[in-house]
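Peer 1: Generate the whole structure from the sequences, applying the supplied hints.
4 protein chains.
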Amino acid sequence: MTVTDQVNGNVNLNATANSDALENSQGHANKVKVAIIGSTGYGGVELIRFLLGHPQAEIVSVISASSAGLPITDGFPHLTGILVSDLDGVDPVEIAKKADVVFTATPSGVSSKLVPQLLETGVKVIDLSGDFRIKDSSVYEAWYKHDAPDEQVLEQAVYGLCEINGDDVGGAEFISNPGCYPTATLLGLIPALSAGWIDPASIIIDAKSGVSGAGRGTSLMTHYAEINENLKAYKINKHQHIPEIEQNLTQIAGEPVTVTFTTHLVPMTRGIMCTMYAQLNGTYTNEDLTELYRQYYEGRPFVRIREAGQWPATKEVFGSNYCDIGFAADHRTGRLTIVSVIDNVVKGAAGQAIQNLNLMMGWDETTGLKLSPVYP
Amino acid sequence: MTVTDQVNGNVNLNATANSDALENSQGHANKVKVAIIGSTGYGGVELIRFLLGHPQAEIVSVISASSAGLPITDGFPHLTGILVSDLDGVDPVEIAKKADVVFTATPSGVSSKLVPQLLETGVKVIDLSGDFRIKDSSVYEAWYKHDAPDEQVLEQAVYGLCEINGDDVGGAEFISNPGCYPTATLLGLIPALSAGWIDPASIIIDAKSGVSGAGRGTSLMTHYAEINENLKAYKINKHQHIPEIEQNLTQIAGEPVTVTFTTHLVPMTRGIMCTMYAQLNGTYTNEDLTELYRQYYEGRPFVRIREAGQWPATKEVFGSNYCDIGFAADHRTGRLTIVSVIDNVVKGAAGQAIQNLNLMMGWDETTGLKLSPVYP
Amino acid sequence: MTVTDQVNGNVNLNATANSDALENSQGHANKVKVAIIGSTGYGGVELIRFLLGHPQAEIVSVISASSAGLPITDGFPHLTGILVSDLDGVDPVEIAKKADVVFTATPSGVSSKLVPQLLETGVKVIDLSGDFRIKDSSVYEAWYKHDAPDEQVLEQAVYGLCEINGDDVGGAEFISNPGCYPTATLLGLIPALSAGWIDPASIIIDAKSGVSGAGRGTSLMTHYAEINENLKAYKINKHQHIPEIEQNLTQIAGEPVTVTFTTHLVPMTRGIMCTMYAQLNGTYTNEDLTELYRQYYEGRPFVRIREAGQWPATKEVFGSNYCDIGFAADHRTGRLTIVSVIDNVVKGAAGQAIQNLNLMMGWDETTGLKLSPVYP
Amino acid sequence: MTVTDQVNGNVNLNATANSDALENSQGHANKVKVAIIGSTGYGGVELIRFLLGHPQAEIVSVISASSAGLPITDGFPHLTGILVSDLDGVDPVEIAKKADVVFTATPSGVSSKLVPQLLETGVKVIDLSGDFRIKDSSVYEAWYKHDAPDEQVLEQAVYGLCEINGDDVGGAEFISNPGCYPTATLLGLIPALSAGWIDPASIIIDAKSGVSGAGRGTSLMTHYAEINENLKAYKINKHQHIPEIEQNLTQIAGEPVTVTFTTHLVPMTRGIMCTMYAQLNGTYTNEDLTELYRQYYEGRPFVRIREAGQWPATKEVFGSNYCDIGFAADHRTGRLTIVSVIDNVVKGAAGQAIQNLNLMMGWDETTGLKLSPVYP
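Chains as they are written, first to last, in UniProt numbering: chain G, 1 to 376; chain B, 1 to 376; chain X, 1 to 376; chain Y, 1 to 376.
No wet-lab data here; the hints were simulated from the structure.
Just to be clear, a hint being listed does not mean it is correct.
To be verified - To give a feel for the contact side, a few chain B residues facing chain X, derived at Cβ under 8 Å: (1) E226; (2) L231; (3) A233; (4) Y234; (5) N237; (6) T262; (7) P267; (8) G271; (9) K315.
Each residue gets a CB set at the ideal place from its N, CA and C atoms; glycine is no exception.
Peer 2: Okay, here's the thing in C-alpha cells:
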C-alpha cells in the first residue's frame, strides 16, 4: 500500500487503497515490492535511505518487533516528510501478502528462526544477520554461542559478497549478506591470495570500526563520554567474523586458512578500515599489485584500487557503497600491507544488501546505489 | 565535452569529441550544461555531489584558479572513478563556450570581479559568495572591509532564499545565493515576524556552526587538535552575515530591524543551528505557532516544522537540503524560542544553489535534491 | 584505613590496620578524612582525581550503592595502580566512623533522603545533587517533579558558589554545591547585575554542554552514534537549573528575576559555555566592563576575565577549575553579550566541591586544585 | 627571574629583580632551573603543564624562535593567570645564564644544530626531537632525509626510554627523549623479546595516533573537516620511527631485527595505541605472559600490566604518564597479540622528558608526574 506524495515525491506508506490505485496508474506497478524487518536499527534505516531512491524497488512495509504501531519518525525524526509510515509487526504471512523481497536486518539468533518462516511463504529473503554465513554448524555454534539454523535452510543461503560471488547471486531466492569486517577483509585479500602471491598461513588483519558497527542498542562501551576521544581494542581473537573470513579464504586458497584478527573501536560514527599483512611469495612490485587488483575487479565499479602508495581513508567512502583498496609491498620485510576501507553501514550492510537485490533481480548492480561519498 | 562511462554511469570530463558525440546520441543533449568555479572548496565539491545525480543538468567543467591542470581526484580522492576530470582554469570566455549556467563558489572579493565578466558572456550565474547579497554598498563595505561590486551588476542580483523569494528567482539570469547563517535564521524568523507576532526590536540569534563552514583553507582555528573537544565563540557582533540578516528582516518587518547575532564553532564537520529569541506580541500557544509555520511553508518540502516541543538536531538534516524548525512559546517570560537547523554545506550553500537553479529553469525545486539525510 | 604505597605514592584503601599504623607515623594523621558516595559516576571519579593530589585531605572510603564490594578499577581501569580499593556500601553510621567529610555525588531524590542521615552522625557534608539548592520547596517540587527534602535540613544548606558566597561557606557544616549551568551563568552575570548595569528583565541564557553532563547512565541521547557529529537542543524552558539561576539572580537584583534559558548538547565530552544576553542600562564600554569584572573577582584566582573582544573557549579550561569570562557591549543594539566557560565536571561539579571543602576547612581555596587546563 | 604570585601561587616570569630576591627568600633557591625551547608547540606547552607542578624544578625561561617577545598567552590563552611570561628568543649563551637544564622541543633538523651549542655552555639538555636517537648516521640520513648531527655529540646522547635504560640516564648530561611510537612499541615488545618468547623476524606493529602527534603546524591532513569522522593510514613502511624501533629491538635481541610498521591517524586529539603481532616460540599462556611482564616492570609505576584478556584503551591514560599493556596468546595461530597505549604528548613526549629529568637528577622518577588520567 504505497503512494507517491504529489508535492515532493516522498513516500507515504499509510495511504488508503484509493491513493494506492492512483499510484499504480503512475506506472509504479512494475516495481519490486520490498519489506524491511528491523527498520529501527542502523542497517534497517540505511536500507530505507537507499531504497527511497531506487528506481525499481518500492518499500511497502517497514517492520519492527519492538516498535510496531508507532510512526517510524518517532525514533527517526530525520525521516519527517520523507517516509510517512507506522511500523508494522513481524508477521511472515502478512508480510508475504505485501512484499516480493524481504530484508531481515534482525539480530543473530532471531534471523535463524524467522528466515525459514519467510522462505516458506515464497518471498525472497536477503538476511543481514550472521546466522546463515557459516556453512559448518559446529563452527557457527562455537563462535556464535547459540544454536545454528536449520541445515536445509542454511544450504539454500547464497553468500552474497557481490564482487566475488556475484554469479551465484543472480536468480538466488535467499541471500546471506556478508558481515562488515569480512567484506572489507575479503575484498582486500582475495586477489593476492587467489593469485598465489601471498602465504595463506601468514595473514594478520588489524581491523578498526566506527561505533555505529555496534548497533543502536545502548551500552557503556558506546556511551559518548566513554568512547569519544578514545580508541579501544575488543574481542581480540574472539570475534564471530573470524570463521566467516576463514571459511571464504579457505575456499579461495584451497587449503585451510587460519587468521589473526583484531578489532578496534574508533571514535567516529561510520567507517571500517582493515589493515592487513601477509608474507609475499615473490618479489612483486607495487605496480604488479596494482595491475593484479585492477584486473581482478575490472567491471566492478564499487571496488576502487588506488595508485600504489596512496592510502584510502574511511571518509573517502562515507555514505557510499565503495570499497577502496591500497597496498604496498615492502622489500625490507618481504611483506605486503593492504589497506581496505568501507562504510560499514553501506558496503558493510545495507548497500551490499541492495547490490545483492540488484544481482538477484538481474538489474545493473549499481541501481539505486550511485550516491557519491559525502565529503567532507 | 562529457561522456557517460558505459560501465558504471560515472562522468568523464576528459572525454574525446568522439565519445562526446556518442554521449549526445544517448539523449543527454537536452541537459543544461553547468560549470563550477571553485571546485576545490567544500561548496564546490558539494555542488558536484548533487549535480552528478541531477537528471536535467550535467557538469561540463570543474574549475579552480589554484589547481588548474590537475586531476580533481588529486585533492578529492573520494571522487575516484566518479568524476574523471582535470580542473580547468578561470577563463570566462572559454567557460561560456561550454556552459549555460555557472556556479561561482569563489571567495568574497573574487566573485565581485569575476561575476560581471561572466554575465557579459551571456551565461547565467549563481553566486555562492557574499558579494551580491547586500544591496547598500556602504553597508557592504563596512562589514566586508573591501570594495563593493559594480552597482549595476549588483542591481541584477536576485537574492535566492528559495522559500521566501522563489517567485523572483524564476527566470532570473543572476542569483545571489544566501549565506549559511542567514538561511537558517531567516527561515526560522520570517513566519512569526511577517505575521507580526514578535517584536522586531527584540531579536537575538545565537548561532552555532560545524567547522566546514570555515572552508577548506587551513588555519589554527580549524586545526583538529585545537577545535576537537572544544566550543568557541567568534566574531561576536562583527559577522558579515549580520547585515544580510538585517536587510531581509527589515524588508519583511517594514521597519529597520537590528539584531544581536553571535556565532560559535562546534566540534563537528557539518551543521548549523540557530537558536533565536524574540518577545511575543501576544499570548500565542505552541499550537498557534505550529499552525502559522505549517501554513507559511505549505508546499515547500524542504522546510519541515516539528511538533511543538520537539527540537530538531543538526544530524537530522545531515547531507540533505532540509531546514527543520522547532519552537516554544514561554508564558513565564513572554518570549518565543525558535530553533532551526540546516546542513551548512547543503541548504546553506550547494543545495540551495541547485534549488535556485531548479527555480531559475522552471523545474520542480526538488529536482536532484531528494537525498534523505544520512543517519546516523 | 589508608596507606601510602611505598613505591609510587599511590593509595591503597584495602590496607590492613598494621600498614595504617605505619601510615600514621608518616605524618598523614592530620589530614582530613573524606568519603565519596557515588564514586562510580563522573562527578565521583573526578573527586577522586583531585583528592588524590590534595595535600590536606585523604580518601578513606569510596562508596557506591550499585557496585558495593567490587574493585573500583572494574568500572574505571584508568585507576589501576592509583587507587586500590573495593567500593563500600552506603551505610551512614559506618561512613561516619571513618570520615570527617562526606561528598554525596548522588542523584537528585537520593541525596534528599541520605544527607539528613549523614548530618545526624555529625559528619560534614558537601552535596553535589540539586536537592538542597532551591530554598522554596514548592518551587523545587514544580521543577524537580518529586518531594522536596526536609525543611529543617534544607535551611542548614549553604549554597556554595565559592566566588559569590565564599564567606558563608567558611565553617559551614553542610554545603549544597551549585549546578554546572548555574555556576557558569551566575559567575558571568552577577558582576554586571549587581552593579545595576543590565536590565534584570532582559536576561537570556543560551547554554551548551558536553555530553558528560548527562552522567554515566546510558541512553539513546548519549549513544555515540546519535550525538557524535550532532548538536541538539533539549529541555528548552524546562531545565531544573532555571529556578536555581533565578533564585540567585533575584537575591542579587533585589527584585524577582525571570530568565529565558536554553540548553544544548554539544558533541564533546567536557565543557559548558553559556552565552548570555542582556540590555545595558547605559553606554558602558568594553573597557568599563573589563574593569568592573576584574575588580569584582579580585583575589579569586579561578575566575579569569579575558581582554575585551577575546572570547574564551571551553578547551581553555578543560580539566581545570577555572571559569573564564569574555564580553562585548554592542552600541548598535544596546545589548551586552557575555560568554562564560567552565569544565562541567570540575568547576561545574567536583572541583567546586573541593573548593568548598577548602573554604569550609579554612584552607586556601586553591589547595589541591592548581592543575592547569589540559591543552590540547 | 621567577617569582611566586602571592595570591594564587602562579608563576610570573616577567618579575623584577626585587621580587626575585623575595622569591629566593621563600626557599625556592634550591630548585633546578629549567628552560623550554619550543614552548609554542604541543610538546613544549605540555612540559609547562607538568613543570608548573613539579616540586623540585622551576621554569625560568619559555623560548620560541617564531614568537619571541610575545606573551605566551597570546597563543595559549589557557595559561592566562597561570604562567605570566613573554617568550624569549633562542640564544644559547643567554639561556645558559638562567638555566641548569634545557628541554629542546624543537623540530628535527633544528635540534641537531642547536643542541651542540647548548651543551658547550655546560647546561644539561633533554632533546625531544628525533635527531639524536639513531646511532648510525647513514641510517639517520636515509630515513630523516637530512644531515645527521655531529658524531661526537651524537655519542654523548643517552637514549632515555626510562623503564629500559633508566640506569644509563642517572647522571647523564644529555638525553635523547624517545619518539612517541617507539615508546609504546618498545615497552610492549621488550619483555617478551628479551625473554626469547617471540620470534624477532615476525614482528608487525599496527600503530594508531591521535592528531596532536602531527604537531601544531596547520596542514590539510590535520584540518578538522578532513580528519574528523575519518581514519587515515599514512607513511606505511616509511615512518622515521622505524629505525628507532629496530635499533632498540636489535640491541635487545642480539641480532638484526626488521619490523613491519604501519601508522594511522585517528580522529582524536591525544593517544597512541600500538597493536603488535609476533610468532610465539612456545606455548605460553596468558598467565605466563602476565607474570613475565609484571616481573619485568616491577618497581616501575608508569607501566601497568592489565589482567590477561583485558585491553587498555587510550582514554585510560589520557593526560598521564602511564603506559598500559594488555596481551593475548592465541593457540589457533601460535601468535601473540600485544596492545600498548600511551598519551603521545605525555609518556610519548613531555612526561617522559620530565621522567628523564628526574632520573638524571637522582630524584624519584614520579616526581611532578603523579597526575591521574583525566576520565572521562
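Peer 1: Now tell me, hint by hint, if it's right for this structure.
Peer 2: Taking the hints in turn, this is what the structure says about them:
| no. | hint | result |
| --- | --- | --- |
| 1 | E226 | 6 Å, holds |
| 2 | L231 | 5 Å, holds |
| 3 | A233 | 4 Å, holds |
| 4 | Y234 | 6 Å, holds |
| 5 | N237 | 5 Å, holds |
| 6 | T262 | 6 Å, holds |
| 7 | P267 | 5 Å, holds |
| 8 | G271 | 6 Å, holds |
| 9 | K315 | 4 Å, holds |
The structure is consistent with each of the numbered hints, conforming to all of them.
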